[in-house]
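Peer 1: Residues per chain are reported as follows:
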Amino acid sequence: MADSMFQQAIDFINREADLLDHKAYAEWLGLWERDGKYVVPVDIHATDFANTLNFAYDDHAMREMRVARLKNGESVSSEAQEGTVRSLSRFRLLDEDPASIRLRCAMFLSEVRLAKPLLYPANVEYRLTKTAEGLRLDTKVVRLINAGHHLNTVAFIF
Amino acid sequence: MTQLIDIENVTADPGRLVEEGRVHKSLYSNPEIFAQELDRIFNKTWVWVAHESEVAEAGAYKTAFVGRQPVIVSRDRKKNIHVLLNRCRHRGATVCEGKRGKTRAFTCPYHGWGYALDGELRAIPKPEEYEGVIDKQELPLERLRHESYQGMIFATFNEEAEPLEEFLGGAKKWIDLFMKQSGGYPLQVLGDHRFRFPGNWKIQLENTTDAYHFPIVHKSFISSLDDQTSEVFDFLDGEGFVEDLGNGHSVMVMIPELVDLEANLDDPIPERFAELAEALRAEGHDEAEVRRLVRAVGGSGFNLNLFPNVACSMAFFRVLTPISVDETEIHHVAIGGAGAPAPFNQMRLRLHEHFQGPMGFGTPDDAEGWERVQKGSLAGPDGWILVNRGLKRMAPSADGNPAGAVCSETGMRAAYQMWKRLMSDEAGE
Numbered sequence: 001m002a003d004s005m006f007q008q009a010i011d012f013i014n015r016e017a018d019l020l021d022h023k024a025y026a027e028w029l030g031l032w033e034r035d036g037k038y039v040v041p042v043d044i045h046a047t048d049f050a051n052t053l054n055f056a057y058d059d060h061a062m063r064e065m066r067v068a069r070l071k072n073g074e075s076v077s078s079e080a081q082e083g084t085v086r087s088l089s090r091f092r093l094l095d096e097d098p099a100s101i102r103l104r105c106a107m108f109l110s111e112v113r114l115a116k117p118l119l120y121p122a123n124v125e126y127r128l129t130k131t132a133e134g135l136r137l138d139t140k141v142v143r144l145i146n147a148g149h150h151l152n153t154v155a156f157i158f
Numbered sequence: 001m002t003q004l005i006d007i008e009n010v011t012a013d014p015g016r017l018v019e020e021g022r023v024h025k026s027l028y029s030n031p032e033i034f035a036q037e038l039d040r041i042f043n044k045t046w047v048w049v050a051h052e053s054e055v056a057e058a059g060a061y062k063t064a065f066v067g068r069q070p071v072i073v074s075r076d077r078k079k080n081i082h083v084l085l086n087r088c089r090h091r092g093a094t095v096c097e098g099k100r101g102k103t104r105a106f107t108c109p110y111h112g113w114g115y116a117l118d119g120e121l122r123a124i125p126k127p128e129e130y131e132g133v134i135d136k137q138e139l140p141l142e143r144l145r146h147e148s149y150q151g152m153i154f155a156t157f158n159e160e161a162e163p164l165e166e167f168l169g170g171a172k173k174w175i176d177l178f179m180k181q182s183g184g185y186p187l188q189v190l191g192d193h194r195f196r197f198p199g200n201w202k203i204q205l206e207n208t209t210d211a212y213h214f215p216i217v218h219k220s221f222i223s224s225l226d227d228q229t230s231e232v233f234d235f236l237d238g239e240g241f242v243e244d245l246g247n248g249h250s251v252m253v254m255i256p257e258l259v260d261l262e263a264n265l266d267d268p269i270p271e272r273f274a275e276l277a278e279a280l281r282a283e284g285h286d287e288a289e290v291r292r293l294v295r296a297v298g299g300s301g302f303n304l305n306l307f308p309n310v311a312c313s314m315a316f317f318r319v320l321t322p323i324s325v326d327e328t329e330i331h332h333v334a335i336g337g338a339g340a341p342a343p344f345n346q347m348r349l350r351l352h353e354h355f356q357g358p359m360g361f362g363t364p365d366d367a368e369g370w371e372r373v374q375k376g377s378l379a380g381p382d383g384w385i386l387v388n389r390g391l392k393r394m395a396p397s398a399d400g401n402p403a404g405a406v407c408s409e410t411g412m413r414a415a416y417q418m419w420k421r422l423m424s425d426e427a428g429e
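Going down the list, the sequences are from chains A and B. No gaps in the numbering here: position 25 of the first sequence is 25 in full-length UniProt numbering, and each next residue is one more. No gaps in the numbering here: position 148 of the second sequence is 148 in full-length UniProt numbering, and each next residue is one more.
Keep in mind the hints are simulated off the structure, nothing from the lab. Predicted, not measured: the structure shown is a model, and the values here were computed from it. Hints are supplied without guarantee of correctness; some may be wrong.
[As the list claims (entries may be wrong)] Straight-line Cα separation of at most 16 Å, EDC-like style, residue types lysine to aspartate or glutamate; simulated pairs:
(1) B/K420 with B/E20
(2) B/K219 with A/E79
(3) B/K136 with B/D118
(4) B/K219 with A/E74
(5) B/K102 with B/D118
(6) B/K78 with B/E57
(7) B/K44 with B/D425
(8) B/K99 with A/D43
(9) B/K44 with B/E159
(10) B/K219 with B/E368
(11) A/K116 with B/E368
(12) A/K71 with A/D21
[Claimed, not checked] On the chain A side, residues computed to face chain B include the following (Cβ under 10 Å):
(13) V42
(14) D43
(15) N51
(16) A56
(17) R69
(18) S77
(19) Q81
(20) H150
(21) T153
(22) V154
Glycine included, each C-beta is placed from N, C-alpha and C at the ideal position.
If we strip away everything but chain A, and leave its shape as in the complex, we get (with noise of 0.2 Å):
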């Protein structure tokens, strides 16, 4: 029997958070609709992204050049991260239409930074599309229980 379409989308956050583990970033790139948005906000009650400041809020162009940024050797912080490993659970189905789904996990990330561990817990929410060539990356929103205070800074993408 097929997989549902809730446990594709499941198989599909979590090779996209293998791939971000793995700093294979170009792949990454591949999985996002062209119009996707990819939010890291501030409040983490926020829906208006447009219109509020967001650690992160990034079109096709500002992922690619975000990309850029953590390959291309210029980034100080970038060349020091030594990696990230992230587990995400509690996956819930939030609603499906035939040519969406969209759902949330939580997520638990962890990178070294000075030889010690940093945590960084957030609620994820997900909306993918469903096309011919399966499902796509069309939103993305990392809300970090800690974005209302501050943060370390961040040389890789949660």
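With chain A's structure known, arrange chain B on it following the hints.
Peer 2: Just chain B now, kept in the frame of chain A:
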């Protein structure tokens, strides 16, 4: 043979730790010096706490810090601004923990003492036990002296401090210029990015007036710009300068043609703002308005460093809060125009996100450099930080102040001379 070595405790004397062109590395790492800084600098001089737009309406409040002391900036029902120590007069709990918001009163969560927006103590549960013991009028939230310039609110614990405008002195002209970037609308805070780095606060203070690092540390940011814009940011060989404005303040002009945003409105619209210009025209704004907004949208061509804790940095306020000798919190405060067309404020938000904040294309690389400065400051028994770049090539500015090349360390020297002046004052006055 054992020989006693005569070790001089240079760290005991702040006046000796700052020379004209170098500062001792213990300024970054000695906890005793940090404690003295809180006392002699942050508790004695004017410290930026808010912009008036953050508490625009009656009942609005914002929490902030003066040094490490928590304060509330509030606007009462008569629209007067207050800066209040965030500490209940009963047992000392903070009475407000929100970042900003609106309220009718500040109520201590511990025993329910309630304070009005002006700090007056209004309510005490079960007051009968205090009969003949306390007088409510004598126990308001403690108020700090505060003054504003161009909407920037500064507070001080020092009743003897000179008036704010006197303290700002030569910096006022540059604050006036900075405020032009809201495109003819009242300047408004749009939000802020907050992050910490494991390093001393003065490393950030220096960085705001450090053009020398820009093409090195921010190479990846420059690579992400179009050719025309990256040329604008290629300013080290340009006509820019750093000017010592007195009292530790300095201005670093990186892009001289963007000093006055109300001038040269007929210049061609830069490529990167062509889409914005179209969006504004589509909304029905006339060409003069379009040009004014496009000219203002990218911010001013200079960083104005105001000692000790705020900078008007090109297109945003950069605020620093000392947490400990080796930890600092930074806020990058995004600004726009109150009531300005949405495409204008949206463009300002997107530009801010591009470079600023913990996920911007600039900040993480700055922080990497700062962390290494802090780490390096522990190396060796003795050592100095050089701030002597351009020392022998100074010339008076148009306003008659000491000035050096854009990539000189003139602004750092200005800040450290103020540091020395305040820290050498034994009485702390």
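Peer 1: Check whether the Cα positions of B/K420 and B/E20 lie no farther apart than 16 Å.
Peer 2: holds, 10 Å
Peer 1: Would you mind confirming whether the straight-line C-alpha gap from B/K219 to A/E74 stays at or under 16 Å?
Peer 2: The hint holds at about 6 Å.
Peer 1: Mind checking the alpha carbons of A/K71 and A/D21 for me, to see if they're no more than 16 Å apart?
Peer 2: holds, 14 Å
Peer 1: Would you check whether A/H150 satisfies its interface hint, that is, whether its CB is within less than 10 Å of any CB in chain B?
Peer 2: holds, 4 Å
Peer 1: Between B/K136 and B/D118, does the CA-CA distance stay at or below 16 Å?
Peer 2: Holds: B/K136 and B/D118 sit about 14 Å apart, inside 16 Å.
Peer 1: For the hint on A/A56, does the least C-beta distance to chain B fall short of 10 Å?
Peer 2: Hint holds; A/A56 Cβ to chain B Cβ min 5 Å, cut 10 Å.
Peer 1: Given the hint that B/K99 pairs with A/D43, test it: the Cα-Cα distance must not exceed 16 Å.
Peer 2: holds, 11 Å
Peer 1: Hey, B/K44 versus B/E159, does the alpha-carbon distance stay inside 16 Å?
Peer 2: With a Cα-Cα distance of about 9 Å, the restraint between B/K44 and B/E159 holds, given a limit of 16 Å.
Peer 1: Has the given pair, B/K44 with B/D425, been kept, meaning a C-alpha gap of at most 16 Å?
Peer 2: Holds, because 11 Å separates the two Cα atoms, which is no more than 16 Å.
Peer 1: B/K219 and A/E79 were given as a pair; does the straight-line alpha-carbon distance stay at or below 16 Å?
Peer 2: holds, 13 Å
Peer 1: Can you confirm whether the C-alpha distance between B/K78 and B/E57 stays at or below 16 Å?
Peer 2: With Cα atoms ~10 Å apart, B/K78 and B/E57 stay inside 16 Å; holds.
Peer 1: Would the hint on A/D43 stand, with a C-beta cut-off of 10 Å toward chain B?
Peer 2: This hint holds: A/D43 lies near chain B, its Cβ roughly 8 Å from the closest one there, short of 10 Å.
Checked against the numbered hints above, the structure violates none of them.
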